[in-house]
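Asker: Please work from the sequences and hints to get the whole structure.
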Amino acid sequence: MSDLNAQAVAKYRTNFLKEVEERVEEGEWVKMCMQCGVCSGSCPLGPFWAHPPQEIFMMIRAGRRDEVLTSDSMWMCTSCYNCIVRCPRKLPITHIMHGLANYAHRLGLAPKNQPTRVFATMFWNNLIKTGRVNELKLSLGLYFKDGFKQGIQNALNMQKTGLGLMKAKRLNPFELFSGHGCKDRKGIAAMLKKAREIEASRKHFAN
Amino acid sequence: MAKKEYAFYPGCSSQSKASASNYLTSVNSMCKTLDIKLTEIPDWNCCGASIGYAEGGELPRHVMNARNFALAEQHLPGQQVVATCAACWLGARETKERLDASAQLMADTNEALKEAGLHYKAEVEIRHMVEVLIEDFGYDALAKPVVKPLGGLKIAGYVGCQTNRPFGIAGESFENPMYLDKLVETLGAEPVANYEQKVTCCGGALAFSETEKSQAQIKNIVESAYDQGADLIVTPCPLCQANVEIYQEQINKRYGTKFNMPVTYYSQLMSVAYGGSSKDAGLDGQLIRAPKLEEIAKK
Amino acid sequence: MTEIVATNQTILVVGGGISGMTAALEAAECGKQVVLVEKEASLGGRVSQLYRYFPKLCHPTCGLEINLRRLKSNPRIRVLTLAEVTGLTGKAGDYTATVRVSPRYVNENCTACGACGEAVSSEVANTFNYSLNKTKAAYLPHAMAFPQRYVLDPSIIGTPEADKAKAACKYDAVDLTMQEETLSLKVGAVVWATGWKPYDANRIQPYGYDRFANVITSVEFERLADPHGPTGGKLLRPSDGKEAKNIAFIQCAGSRDENHLRHCSRICCMASLKQTNYVREKGGEDARSTVYYIDIRAIDRFEDFYQKVLADPQVKFVKSKVAKIVEDAKTGDVVLHGVDTEGYHRYANAHDLCVLAVGMEPSVKGMDIPAEIIADSSGFLEINSATAGVFGAGCATNALDVNRAVQGATAAALRAIQVVNRVARAEG
Amino acid sequence: MAEEKKVAAYICQGCGIGERLDTANLAKVAQKEGRVNLVREHAILCNAEGVKMIRDDIANEGVTHVAVVACSRRAKTEAFNFPEVALARGNIREGVIWVRPDTDEARETTQEMADDYVRMVCAELKAMKLPAGNPDAGHSRTLLVVGGGVSGMTSALAASQAGYSVVLVEKTGQLGGWAANLHKRMPSHEPFKDPQDTGVSEMVQAIAAAPDIKVYLNATVAQTSGAPGRFKVSIATESGATTEEDIGAIVQATGFNLYDASKLSDLGVGSSANVVDQAGLEKLAKAAAAANEPIRRPSDGAPVKNVVFVQCAGQRDASGTHLPYCSGHCCNTSIKQAMYFKDANPEIDTTVIFTDLRTPGNGEDFYRSAQRKEVTFTKGRVSRVEATGNTCKVNFHDLILDDQNASIADVDLVVLATGQVPNSGVNIDLPAEEGAEEEGKKVVSILNLSYRQGKDLPQLKWGFTDSHFICFPYETRRTGIYACGPVRRPMDIVQAMEDATGATMKAIQAIENAALGRAAHPRAGDLSFPRVRIEGCTQCKRCTVECPFGAIDEDEKRYPVFNEGRCRRCGTCMGACPVRVISFENYSVDTVGLQIKAVDVPDEFSEKPRILLLACENDAYPALDMAALNRIQSSAFVRAIPVRCLGSVNTIWVTDALNSGYDGVMLMGCKHGDDYQCHFVKGSELANYRMSKIDDTLKQLGLEPERVATYEVAITDIERVPQLINDYAAKIEEIGLSPMKGF
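As they're listed, the protein sequences go chains A, B, C and D. Mind the numbering: the first sequence is residues 60 to 266 in our numbering, read in order. Mind the numbering: the second sequence is residues 139 to 437 in our numbering, read in order. Mind the numbering: the third sequence is residues 188 to 615 in our numbering, read in order. Mind the numbering: the fourth sequence is residues 2 to 744 in our numbering, read in order.
Cross-link-like lysine to aspartate or glutamate pairs, in silico, DMTMM-like; alpha carbons within 25 Å at most: (1) A/K226 - B/E433; (2) D/K130 - D/E618; (3) A/K262 - B/E235; (4) B/K320 - C/D397; (5) A/K196 - B/D181.
Everything labelled a hint here was simulated from the structure, so no lab data went into it.
Answerer: Here you go:
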């Protein structure tokens with residue numbers, strides 16, 4: 060169990076709802092759900108959720124901490140915002156799902172090789188390096204996430220597309236070496252470091 | 139009409155040689171005709187996109203966006219920030235609304251921004267290019283410069299998610315937004331009447347991680363455009379454009395379909411209708427070429 | 188010019204639905220002078236547009252008949268139709284009400300013989316049937332209309348059609364020179380019973396009421412079931428006139444929803460349960476109803492009605508707020524998508540017809556009402572304005588079933604009587 | 002009114018009557034056969050000129066009885082409104098020309114129809130008198146309120162504010178009822194966020210301050226006799242002494258009792274002291290508030306940290322063990338009670354376990370407010386509550402997570418939302434001994450009515466004394482006595498106050514009506530009342546038994562004693578009376594009987610049958626009218642007579658009709674059974690029963706049973722009613738004309 064997780068368990072014991080309210084983005088909304096299920100029905104990847112949003116809200120209230128945090132359900136969110144605009148209680152469901160994913164990821168409870176988790180991590184790390192996304196590195200990274208051999212395979216699958224994009228000047232091979240980026244990378248790094256610290260203190264991630 | 143000036147936030151994908159570089163090309167050509175001056179926010183950074191949450195978390199995401207706001211306030215005072223990318227617009231607007239709603243968050247954000255020597259005064263307005271076109275110009279004004287009406291083209295207006303929900307374009311419905319169709323009409327083309335996949339999600343960022351699931355979605359989007367006899371699909375969102383265009387090849391492999399449906403940006407249609415060449419409209423940037431559109435451009 | 192005798196011991200009742208009629212009748216049968224103002228061309232209000240009541244499944248027109256008989260035999264009530272109260276000034280026991288009366292173009296000579304209706308050819312939307320069909324532009328609002336007097340639709344005034352109507356009338360009842368009048372009444376107390384309107388279903392976008400012919404509202408469904416309705420009482424769906432045998436009911440269509448109406452409209456669950464009986468009554472053994480709900484609110488005595496429907500094998504219940512409706516372009520059927528939250532079962536169910544149990548919105552909402560009248564943020568009137576002599580009644584005060592609306596109206600009549608009796612005592 | 006009777010008939014030629022009928026002949030019929038003193042025709046009788054003509058005759062010619070031969074009695078009532086004379090309507094528009102084709106072959110039968118209706122209206126008028134009003138009026142203007150809870154206090158205050166004096170009887174030692182035991186009540190106004198004060202003490206003070214409200218505490222109603230306007234009520238006080246009060250009308254606000262929680266052992270009642278009902282929690286909350294302390298669990302007084310609310314405890318029970326109904330307020334009440342804890346200390350865990358959360362109207366805001374305060378709502382069914390030392394374990398089926406074995410442990414307090422049981426006294430519809438013995442407990446009467454038909458108000462369902470009618474919640478079966486509050490149907494305080502005000506309105510109205518000898522709803526304002534030729538009475542008691550409103554008692558000689566104040570003028574007694582000694586001035590065995598006889602019955606060779614249709618004036622007759630409005634045709638052989646209620650149909654009418662050669666008799670009345678539509682309760686049912694008995698008579702006459710037929714008809718049956726008529730006419734042709742003609 061990660062220290063962060065151990066610390067969380069110690070801090071909140073049985074009160075998972077409280078934990079979610081304090082630590083998860085928009086978590087204070089969870090209690091407002093009235094179990095109508097419109098979110099679950101509205102989700103484009105709905106069929107692939109082991110636990111749809113409204114059920115997750117109920118599980119949180121019922122204190123089913125591990126089931127929720129180790130679930131890959133919220134990783135299915137495509138950020139389409141259908142649930143948000145239809146929710147009769149105006150819960151920011153998309154953000155709560157993002158928040159839960161982020162929290163589970165942070166506690167190290169999220170499924171290890173959950174592809175979206177892997178990609179999202181890559182994406183963020185990619186963008187903070189220069190302040191902007193380096194699409195080539197990102198896609199290559201993605202191909203090779205499951206090891207070199209699979210990577211070549213993936214790359215070959217997309218080869219035609221890749222070449223097409225280059226021909227269309229929508230993919231730049233030289234991004235591998237230079238590519239776009241912000242000038243004030245130092246400032247950005249410092250700013251983000253600070254932001255993480257503040258967030259940790261606000262959400263009681265006392266270390 | 140007097141020149142309109144905006145602080146421009148192109149976003150990562152709309153840089154030269156990036157996946158939506160043709161979007162940028164066409165936007166520039168469109169703006170030239172409409173006499174819009176876009177000034178790039180100096181040293182702007184990524185918005186975090188819809189997938190930034192998992193590793194980035196809450197405050198860092200907001201801080202990234204706030205940095206752009208601060209830069210805009212500093213270098214382009216008084217100008218509204220205009221994004222062409224749906225995700226950039228959404229991410230930025232989300233940040234703005236959350237900061238406006240929470241003094242705490244605002245303070246924390248500025249505390250972090252200080253590290254980069256910046257301060258956000260909460261003065262910027264965040265808008266999508268489509269808003270600018272519809273609200274600051276209006277369909278009639280957009281029709282005036284049309285020199286090559288797109289007659290004979292049947293176009294499926296694929297609105298997708300992020301210009302539509304949760305904020306959407308003022309006065310539009312989440313389930314059946316009409317602005318793309320109206321725009322298509324304005325340019326002399328025929329909009330697909332009941333394009334039922336109009337607001338279906340293309341999978342967004344999950345197109346990379348949950349390929350199969352996303353491609354099932356994309357298949358419906360393209361299929362329904364074919365069913366309605368569309369010549370091409372038009373979209374306001376770079377990610378939609380990329381997903382729906384790029385994956386047709388794989389979908390064909392996976393499902394044995396024969397998709398070859400061009401997917402363009404509204405700005406490309408406008409550029410052509412306003413007399414731009416295929417090159418001005420970035421049509422050479424299409425993975426799946428749009429012959430009918432190129433023909434009109436040649437005229 | 189309309190002549191009305193009214194004093195500061197007169198009670199003004201605004202709204203001629205069942206609540207307003209009740210308040211007026213109870214006060215008048217207690218010996219009070221009453222002026223009853225109705226904005227439509229005839230009395231009866233929304234209940235007269237219902238086919239049956241829950242839980243007895245009896246007919247609202249039965250009660251309307253009794254109330255009309257009470258009214259006809261009571262000289263103390265003055266009825267003004269096509270009239271709206273536009274202003275109210277003064278204080279309890281001494282109000283002046285301004286009433287705008289729109290022209291009917293037909294006077295009291297009318298015998299309801301129907302000649303004018305036969306004479307004109309142009310048609311207008313039949314609002315009594317929620318515009319599901321059309322009626323002649325010279326029409327009797329409905330079979331039990333009181334006053335039993337025809338109306339000329341303003342759209343034909345100044346056209347040859349109007350002249351045809353006039354020419355056809357032997358009783359010189361058609362008066363094309365009628366003008367809008369504004370009356371000023373002195374009254375002691377006011378009962379405000381302007382009722383409710385169905386929530387605008389167009390605004391519930393995921394259900395496509397504005398896009399799909401076979402998505403209708405619960406009030407429209409009542410008209411389909413009613414023998415006086417556009418289909419003569421058959422459940423024929425709008426798209427192709429096919430008899431609907433497999434019908435979906437969506438609860439909380441607009442109610443309990445912060446995007447629409449915050450409140451629960453109270454009656455919709457019972458209304459849909461009642462309407463499943465129509466489906467069985469009209470469609471027989473192979474007719475099916477499916478109710479999509481969040482909570483079934485069959486409150487107090489109505490529980491057994493719910494239990495009866497629950498036991499009906501032809502009725503299915505799904506605990507789910509439907510996410511969206513898609514139309515099957517080929518068949519015209521509507522496909523409901525969502526998740527049954529009891530155990531998480533995903534569904535995509537096709538139905539012949541979908542009925543939206545639309546919520547109750549107070550009629551005063553968005554209307555400009557006299558400042559005297561206090562409404563809460565949902566538009567419902569505060570039941571008892573402490574010092575004032577203006578009292579809400581019926582669905583203008585809350586989302587109520589008929590029984591409770593009538594109770595409230597009876598109570599409002601007494602509150603008004605308290606005021607005018609004070610006046611009477613003061614004046615000795 | 003003029004001494005000698007002068008009858009005038011006015012025949013209208015408007016609405017096509019003039020074109021379709023020979024009105025001169027109608028006039029002749031009225032003159033020659035109807036023997037009226039004055040006949041006039043008019044082109045448009047209902048217009049100003051026509052009406053003036055009639056008024057002038059009344060003024061100048063001394064006309065006392067007016068026959069308007071024109072449209073239906075339901076039409077043009079404003080025009081044909083002559084309160085100073087006896088008025089009857091001959092319906093030759095809706096009744097004749099609108100239901101007949103305008104063809105040459107139809108002309109003769111249509112004219113015969115109209116002629117008959119002229120004969121009938123003249124005959125009716127002959128037997129009619131303008132009601133003089135009830136000499137037996139009562140003049141007490143005092144309201145009796147039984148029950149001093151919120152409902153009763155509301156009623157008393159409302160009446161006194163309207164200027165009526167009140168006698169308030171409360172069986173306990175103080176006013177306030179259940180509400181007085183509440184810590185707080187649910188909000189009644191925006192923003193519907195927090196519990197509010199009950200306001201009971203303010204009401205108690207207001208009552209004390211009202212000079213015209215006389216309060217009897219520790220008192221009960223020992224006997225109630227008389228009628229509206231002249232009730233004699235003896236009130237038994239603690240001392241044993243009884244005092245008499247003259248009362249005009251009565252409001253019964255006797256509220257409810259708690260459901261016996263000891264029947265809920267599955268839910269831990271009995272096995273744990275920490276399981277209470279909602280009332281129990283109010284007591285704890287009140288005590289805690291008084292001591293300014295947290296709410297403590299009964300077992301050991303430890304502060305409650307974890308509380309579970311179980312909704313529908315012993316309610317909504319289809320199995321028949323517990324209450325079948327929902328008490329309506331309990332969801333909001335549990336929400337309110339959960340807030341007692343949350344408002345005091347947000348750290349306390351509060352869970353509400355429900356199957357359907359029922360917070361109608363703005364209750365939805367209250368529900369949201371509770372969620373905001375972090376009350377947890379769980380959709381589930383509680384199976385068992387186990388006592389675990391000083392805590393409990395609540396086992397339930399979580400319906401959302403589909404978990405059969407869900408449970409909440411370490412619960413300090415379990416609150417059961419049990420239901421309201423109406424405190425409505427004796428169920429007079431049960432046989433006496435059963436009525437007296439309900440669950441072993443002696444059922445005590447509340448009103449102790451000295452009515453022949455029982456001591457208390459009739460009950461609708463499950464002991465609630467509600468009205469049977471949706472449009473008319475105060476349509477009581479005991480005129481002048483109105484129930485309100487939870488005795489009527491389960492309800493919360495807001496509704497009870499509204500209901501009490503409404504009931505008070507009706508009671509005051511009853512007082513006003515009684516003073517003028519006027520009938521109450523549904524025949525409001527009717528001045529007629531039953532008169533009996535007592536010397537003809539055979540003491541058969543049918544009238545006293547069958548009166549739906551308990552209006553008729555019996556004197557020591559077992560003769561009927563009519564209490565007009567209680568009477569609703571339905572005529573059920575008139576229909577019941579085998580010797581026909583009961584009648585109304587404007588509605589009697591003769592007013593209808595003479596009409597039947599007046600009809601010209603052609604001989605058996607004419608091939609023109611005659612069918613009598615007796616139609617209930619509330620549903621069947623309007624349906625006939627509306628069918629006519631839609632120009633739906635029906636048989637020319639039918640002669641329709643509207644009746645107040647099928648219950649008023651005396652079998653003599655039917656036998657007379659058959660004797661005088663009618664070929665068939667149709668009776669159309671309202672639906673009967675559980676969901677009966679008859680506003681006089683049993684009218685159509687009684688008619689059905691009486692007609693079943695008539696079969697023997699038919700046999701004696703050697704007639705087929707089909708010659709008399711009764712139908713249940715709804716006001717919406719505009720297509721069906723003409724169909725029934727035509728089918729019946731066909732049936733008569735099939736079985737042939739009556740052999741009784743020409744005797």
